[in-house]
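The primary structure of each chain is shown beneath.
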Amino acid sequence: MDTSSPSIFVNGESLPLYFGKRVRAVVQVIQSDGAGTTAKSTDEHQLIIKGLPVIPPLNFVEVIGIADSNQSVNAEIWTDFGSTFDTASYNQLCKLANREFKALFL
Amino acid sequence: MFSSSQFDATSAFSGGGFMPSQSTQLTDSTPSPAKSRNSLGVVPVTVKQISQASQSGDEKSSFVINGVDVTNVTVVGMVFDKAEKSTDVSFLIDDGTGRIGCRRWVTENFDKLEMEAVQDGMYVRVIGHLRVFQDVKQLVAFSVRPVTNFDEITFHFIDCIHSHLQNPKLQGGASTHPHMVESSMNTPVQNGQTITSNLMSKQFDVDGLRDCDQLVLDRLQQSSSIGQEKGMHMDELCQQLKLPMEKIRESIRSLEDEGLIYSTIDEFHYKAT
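Here the protein sequences come in this chain order: A and B.
The numbers in the numbering used here rise by one with no breaks, and the one at position 44 of the first sequence is 44.
The numbers in the numbering used here rise by one with no breaks, and the one at position 74 of the second sequence is 74.
Pulled out of the complex, with its shape left as it was, chain B reads as follows (with noise of 0.2 Å):
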């Protein structure tokens, strides 16, 4: 059983699962649960953001970008300096912004395949986790994927700019955001108009969930003040509050994977810890 001091969302989304050897494995101890909702998987970047990133505390695992704790990322760029050990293939990838030093493990048959077909001068996708190693940043790759379609690469960078835009508006700062949006998309492009009605709707989306998670957290909270120890049913949350089933459920399920409510009697009563 997890305390919400212990639990780190960083394991359970990054590691798949939520077993104690695996969240032993990879959690950073960050002991804040709002931090814990800031990871994101595997992020797009580009070497310049990874030359801006400062670590997290005292973990050299954890990297901050843009306010968020990222750990694994995802980097397109052209090979250089490949050079092939009996353990391990090391290479330089330059994505035009930058050039960092990335390191595939060689255990197995299928690794070795994949890193003969890498070859200098050629343009891949590297996904694998930032580390530090005597003071420089490199990244421990686990895929190393040839890019065959260019496309690719034009998509990789947008993909950067389009998680940097994400991750503020998870820190409050949309306030600024909505005029930042609309600036870079207010282009001439007929596709520009709907990506930035699709844009705007998802952050505002981000915004009213949050302040939703807060709602029915507090709401919990009262409940158990007053002692009800079953907690409260889902339709109750739903009534009092006034909001719609679905956006009860998403917060729910957020804050349960936050360690900040749990189930009782059945799936549909909650408790706040």
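Bound conformation, chain A alone (with noise of 0.2 Å):
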């Protein structure tokens, strides 16, 4: 059992808070180039994620890594969740994690 390198839920808006650590967040892709790629994430912020493969535009991806800048993530693992996912329910629990239910998952 091992809970010493956890990833935790963001979005644009809380990704600032975890510069270095690693985090997970669902993304839409807007612009993927294979040197970096362009996404909104759940709250509408344009994040870039390095590390990607070419994925189609407008599907969603989860993606796992370090966030090394207020608004970028290098990718260490990433998952496609295809074209359709239900963002606002996964902005309200980045919410929730980040804040009064946070002992659930740091």
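Don't read these hints as lab results, they were simulated from the structure.
Any given hint could be a false lead.
Unchecked claim - Some chain B residues judged to face chain A by a derived CB distance under 7 Å, without partners named:
#, residue
1, T46
2, Q49
3, Q55
4, T97
5, R99
6, I100
7, V136
8, F150
9, D151
10, F157
11, I158
12, I161
13, H164
14, N167
As the list claims (entries may be wrong) - Pairs of lysine-lysine residues, derived as PhoX-like cross-links and limited to a Cα-Cα distance of at most 25 Å, are as follows:
#, chain 1, residue 1, chain 2, residue 2
15, B, K48, A, K95
16, A, K102, B, K137
17, A, K102, A, K21
18, B, K82, B, K48
Computed from a predicted model, the values in this text were never measured in an experiment.
Beta carbons are placed, not taken as given, at the ideal position from N, Cα and C, and that holds for glycine.
Join the two chains into one complex using the hints; note that each chain is given alone, in its own frame.
Structure, rendered in structure tokens:
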């Protein structure tokens, strides 16, 4: 059992709080060219995700990696979540997981 | 016949049925009737919550999370280090809050087929029971199902939060929770308002039911002490306690499940044990 390396649920608003830490976020791809992917977080912030392959625009992808600036994540693991995803619920989850219910996650 | 000190609702709710053999297998013989009410079947949890769980007394098969006895849990996360052996398949599941070892015994073809579909890097929902082996908590899985709709991941964590909010209410910690629920749900989302009111009403319903159980039990105990052999009819309880029949029925059901009352001459007359 190991809880030493959690990945925190973040959206665009909470990403800056976790600079240098492992985070996870579901984003919607805007533009992907192999060098860096421009994507939209669940709260409509624009983020840059590094280390992703080319992904079709408008697809949702979950990215787990290190936050290396207020607006970018260096991806270590990514999962294609397909073309439909409930961003509103996920965004609410990010808020709850970072505020009142942080103890259940970190 | 089970006395209240031996009856354990854990086995009834999680094992399915009231057969003596099943109760013997699954009971953790916790003597307190109040504690037995708290077992909740399959509880959604995060690995972080499991890491903080303490063991229930000396029984290694039961854990306490949020003050509630928990045996069967469900976790949603990513599979790592899957290793197949002839009798079992072991893997790690990482849900973002931590990693925990899982083991799925493979005794039938169905088990084998289910585990063949599971690969490293895949999101799965695991349902199983918590065990301690060589001081390390692990999950003995009886169901491992790949996640195909990724909203299930969001749902699971919200379910964990919901379950976390529900449990302390049963412990009578409700006085602090109205504030917690309001602050967490008053976000500027239209749906949030509806959710707040639903949660608040559900919370008060749970508190009301406990009080009702106590009233019914007290009245039945009074009637036993004055020598009423056949106990009291449900209608009498309804009239004397001035409570709705539905609440009386629910209380009678829970009290009977806990072995605190029993039916006498027919299914309408009850007496305290």
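Hints, verified against the model:
1. T46: T46/B check passes; min Cβ-Cβ to chain A is 5 Å, inside 7 Å.
2. Q49: With a minimum Cβ separation of about 6 Å from chain A (threshold 7 Å), the hint on Q49/B holds.
3. Q55: Not OK, violated: Q55/B not within 7 Å of chain A, min 14 Å.
4. T97: holds, 5 Å
5. R99: holds, 5 Å
6. I100: Cβ of I100/B sits 5 Å from chain A, so the hint holds.
7. V136: Constraint on V136/B satisfied, holds at 6 Å.
8. F150: Holds, because the Cβ-Cβ distance from F150/B to chain A comes to roughly 4 Å (cut-off 7 Å).
9. D151: holds, 5 Å
10. F157: holds, 5 Å
11. I158: Since chain A brings a Cβ to about 6 Å from I158/B, closer than 7 Å, the hint holds.
12. I161: holds, 5 Å
13. H164: For H164/B, the interface hint holds, since the closest Cβ of chain A sits about 6 Å away, which is under 7 Å.
14. N167: violated, 12 Å
15. K48/B x K95/A: Answer holds: K48/B to K95/A is near 18 Å, not above 25 Å.
16. K102/A x K137/B: holds, 22 Å
17. K102/A x K21/A: Given pair K102/A, K21/A holds - Cα atoms ~15 Å apart, limit 25 Å.
18. K82/B x K48/B: Satisfied, since the Cα-Cα distance of roughly 21 Å is no more than 25 Å.
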